[in-house]
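J.: Sequence:
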Amino acid sequence: MTVILAIVAVTTLLALVLTFYFAEQQKKVVTSEAQSLETFLQGSLAPLLWNYDNSTIRSLAQAVLLRQEVSFLKITQDNGQTIILQGQAQSKNPLFYQSVEYHHKIVGSFEFQISPGVLNNTLIPELWFVFFFVVFFIAVFVWLGPWISRFILARPLIVLSEAVERFSHGDFSTELLEKVRVHEFLPFTKTLWDMGLRLQAERDKWKLLNEDLENRVEKRTKALSDANEKLEKTLWELRQTQDYLVRSEKLATLGQLVAGIAHELNTPLGAIDSSYRTLSQIVKGEMTSLLRQKEEFCGDSTAPALDLLERAIQQTTVPMTSQPSWKERRSWQTELETQKAPWSEGLASLVFDYDLWPLRFQLTELLQERPDGGILVFFKTFCSLARSASIIGIASEKASAVVASLRDYARREEVDQKQEIDLVNELETILALFRNKLAKVEVVRHFEPRLSVMGSKAKLNQVWINLINNALHAMNYEGKLELSVRRGGENVLIEVTDSGQGIAPENFPHIFEPFFTTKPPEQGMGLGLDICRQIVENQGGTIFFESVPGRTTFRVTLKSLS
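Residues -14 to 547 (the numbering used here) make up the sequence shown, in order.
Treat the hints with caution; some may be incorrect.
With a straight-line cut-off of 20 Å between C-alpha atoms, the simulated EDC-like cross-links for lysine to aspartate or glutamate are [as the list claims (entries may be wrong)]:
no., residue 1, residue 2
1, Lys325, Glu354
2, Lys544, Glu433
3, Lys207, Glu217
4, Lys365, Glu382
5, Lys422, Glu467
6, Lys312, Asp340
7, Lys422, Glu463
8, Lys442, Glu382
9, Lys207, Asp197
10, Lys422, Asp340
11, Lys544, Asp407
12, Lys442, Glu405
13, Lys312, Glu330
14, Lys59, Asp38
Across the chosen pairs, the derived CB separations fall in these ranges [unchecked claim]:
no., residue 1, residue 2, range
15, His458, Phe493, 43 to 51 Å
16, Phe501, Gly474, 28 to 36 Å
17, Gly474, Thr323, 45 to 53 Å
18, Pro434, Ala489, 31 to 39 Å
19, Gln404, Glu475, 16 to 24 Å
20, Gln347, Pro534, 45 to 53 Å
21, Phe432, Ser334, 26 to 34 Å
Derived from the structure by calculation, the hints contain no laboratory data. It should be emphasised that the depicted structure is a prediction, and the values quoted were computed from it without experimental measurement. Note that the Cβ used here is the ideal one computed from N, Cα and C, for glycine as well.
With the sequences and hints as input, model every part of the structure.
T.: Right, here's the structure in full:
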């Protein structure tokens, strides 16, 4: 497209040049012809006009008019009389006028016009020669132009462009500029050369300044980092000190409260414990002794019935190590129903309510021999008294241990003696304490037998009670409670798992902090898990938890004794 535009421009310029050239040449030819004709007429007409030889003048005029370029001719005498008037003057053509002198006297005049169109015939060949010469020159220029421009203009411009491009990217080397040899580009090349040298010097200067500044900034940053680290350490120590002071103040207040509470509770707990022992002694010893003296109780077979009653009282106060399966319970109930005895339903209630499953066959034989409803009433009464006395005793013991633990928590002193602990037996005992809260809870046991640890029974029981109570509260006393006692290498793992809503992730870091709780103020102070953590750590173990929505597990790891 650029080449086409260049050709059009050159052609237009050529047309203008040729037009101007043609006009100039035409003007020169007309002027030359007019001068020649003027000389001829001046020399020829002078004697003829002097002698008034009009006939010869007319003949001369006819001869002149035979020349096609003369379009107008007028010859006049000195008196103004027109001798010859041929043609019509054209305003567009120049009019030539000349007076005729003879012996220094004007004897007449002549006027004429020359038509340039007739002269064009002599100019056209010359014009064509010029036209073809110019066209040939343009063709040669168009053909050789790219090579000429490439070697003369393009290469230096490309070199200069590359040099400027390098300058823009920070490369101020001047070896490229040495390749520019075109004279017209030397000033620009020199300017770029000088600019490159100046920029190189400035860049080196700024590089040194920048390196110096970076070193200073690095030193200052390190100093600020060290100072900030020291400040953070100081701030952390201040926070730890503040937390310690707050905690110490709270624990001091708690110690005073615990001392008062322990003093107030120890007296009624002592009375309860004394009453429990008296009641247990009466139920297990004196009541059965009195019954042995009453022949009407079982007629002639008093001894076997009383022996069975003593065994039932003993059984109902000791938690069962293994519960019967649902299939076993249903099979035995079906067997009772097939006997259609009036005491079948009462016997099933007695066995299941008071954990007398191991004595079910002996009780069945006794009632088959003596189908008296009074026997069931006596057994239920004595078992209920024994169970209540046992629960009172266990609760009294646990309450005393809790009070002692609170006092120990405030004083940070260990008072219990370590002993061998049967974990499964202790957990079953604690489940018995929560019997009234397990009505809507499915308890799943995963107990490996014969796993024991060495530690403080009272303190570890406090841990199990706290974890189970928290699990029941998390489920709102409805759901699934899983208890697991299993071996883990040289340790025993005790896990309490509930099916509650889980612990919020943002509360994970605070679970074992004292006084942290999500319960209402009336339901706890937030000390339970902190106490559990301290008890477990004092026993040489660890406590850990994991929680997802619908399942939370607290795991206690203790050193296995076996």
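J.: None of the hints should be skipped; say for each whether it holds.
T.: Now the hints, each set against the structure:
no. : hint                           : in the structure
1   : Lys325 with Glu354             : 15 Å, holds
2   : Lys544 with Glu433             : 15 Å, holds
3   : Lys207 with Glu217             : 15 Å, holds
4   : Lys365 with Glu382             : 25 Å, violated
5   : Lys422 with Glu467             : 15 Å, holds
6   : Lys312 with Asp340             : 17 Å, holds
7   : Lys422 with Glu463             : 9 Å, holds
8   : Lys442 with Glu382             : 11 Å, holds
9   : Lys207 with Asp197             : 15 Å, holds
10  : Lys422 with Asp340             : 18 Å, holds
11  : Lys544 with Asp407             : 13 Å, holds
12  : Lys442 with Glu405             : 8 Å, holds
13  : Lys312 with Glu330             : 18 Å, holds
14  : Lys59 with Asp38               : 16 Å, holds
15  : His458 with Phe493: 43 to 51 Å : 18 Å, violated
16  : Phe501 with Gly474: 28 to 36 Å : 32 Å, holds
17  : Gly474 with Thr323: 45 to 53 Å : 51 Å, holds
18  : Pro434 with Ala489: 31 to 39 Å : 37 Å, holds
19  : Gln404 with Glu475: 16 to 24 Å : 20 Å, holds
20  : Gln347 with Pro534: 45 to 53 Å : 49 Å, holds
21  : Phe432 with Ser334: 26 to 34 Å : 27 Å, holds
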